[in-house]
Every structure is written in C-alpha cells, then in structure tokens.
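*Asks:* In this text, residue positions in the sequence shown follow our numbering: the first is 2, and each later residue adds one.
Calculated from the structure, these hints are not laboratory results.
Distance condition first, Cα-Cα at most 16 Å in a straight line; then the derived EDC-like pairs of lysine to aspartate or glutamate: (1) 64 / 87; (2) 199 / 184; (3) 198 / 187.
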Amino acid sequence: MSKAETTSPELMAASSDGEPVKPEKDRKFVEALSRGLDVLRAFSQGSVILGNQDIARLTGLPKPTISRMTYTLTKLGYLSYNTQLEKYQLSSGVLALGYAYVSNLKVRQLAKPYMDEFARQTNMSVGLTCRDRLHMIYVENRLPPEASLLRMDIGIKLPMATTSAGRAYYCAVADKGRKVIEDAMEVKYGPESWPEKKEGLDRAMEDYKEYGFCLSIGEWDRNINSAGVPVHLQDGTIMTLTCAAPSYLVSAEKLRGSIAHQLAMLASDIETLGV
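Using the sequences provided together with the hints, build the complete structure.
*Replies:* This is the structure we're talking about:
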C-alpha cells in the first residue's frame, strides 16, 4: 500500500496553511516524527490506556513500528508504562506541552469576563475553541452562576461538521483552506454520510453570510441547541466562540432570533481587545 493510500483524512487537513498534507510529495516531511505524534494522538480517541496492538489498530501503523515508538516516547517522558496491565498512558511531558499553549493564550484570559457576563445574561454555556484537524477543541468554557449543565472541560474535542463551533470555523476560513477541509471530510465520512454533513455545512454558510453566525440545532446532540461565531485574532488565527444549552431551556427560535446575534456582537467586542 502506498503512502498516499495510507494518508488519513485527519492528517490531510492537519495544516492551517491552506495546503493539504501530502507526505508522499513533500521531501521536507519527516515521516518518523509524524508517526510518533500519531501514536500520542491515539490516546485522544477515547481510551486513556492503550497497548501496542490497540495503538496499531487506531493508527494503522505496523505493530513493530508502534513498539519502537512507544519505547522511545516512554524514554522521553511522553508516555508511561503500566506493568500490571502491560499498556501505556500519556505522561506529564504531554501535559507540559498542552499547558504551555493554553496558559499563553492571551485571548482566553481577556475574553473570560465577557464570556462570564454573556453566560449570566443568557443562562447558557459559553465556549472558546480552536481547530484541531477536523475537530474543534475547547480552550475555555464559562457557565452561568447556577448552571451545572454542559460543562465542557478544556481539551474536549468536538466534530467540526455538526457543531456550531466547527461550522463557524469552516465558514470563516479562506476558500483554499475550506476546500482542504471539505476534501478531507468527504474521505472521512464517505458517500453514505458526507452528503448529509455537506448539507448542514451549506446551511451554515447561508446563515453565516446573512447573519454572521452558524447554528447547530440538535445536529451534534439532539438535546442541545448552539450557536457559533468566528473570532479573528491579530496574528491571523481563527478561533470560534459558542453558546449552548439544552433545547428545553433555549429554543431554536430564541437562539436564532436574538441570542446568536448577541454572540456575534460579543465576538466583535473580543476582537477589539487587540488579541
């Protein structure tokens, strides 16, 4: 099997430069490094502890390769080995990298009071997310004072295609980058699921062009209504701001009629902070 055939849709859309990742055509691409990072990413797919066979199944890499990678990553402090279970789990080296990113994210710190006030006024969960391949990751989540629902911890991943966060990013990114994301999604979801996902993205684009926001009305979770808007940082990075609540608390009509518009105004306010 060729390298082109084994390139996953998630890897295809990994870069933020608007170009698809094509290891087989990129002489500067270090495949060994890519494989090592794929091993680490395998731990974000549900299970916190994995054996070499589990990692091989999740990554599609040969088991001998996995054995060398897990050995090296353990030596470097990114994995730890459980001798009783004979399996691996992420170690503190990974935490250090993630914390360095989140703690130095200026927009997260400056946006907190604005997000807190919005959450209090609307009684909704308010989140700030960034893109990770074909997903969005929470870097901040604020709740109204009395609420205990929809607590989304930092690091939780959401699918781009069906969430308001992902749709807002999809709509705001340049045409070239959007095409890369579309092509990768089409491969990921296949001919049975992609048309429905594309229809939802097209509706989101219509809303974005007309109103400046995107919605997900029970499409990620049938009990959740949410709105999302992009936040453009000064360095060119696009993040997304979202608000969400159970459908019995916030109807689709109320979300579209007023709250989503307020969210778009909040994003504009955050952008004026100069982050």
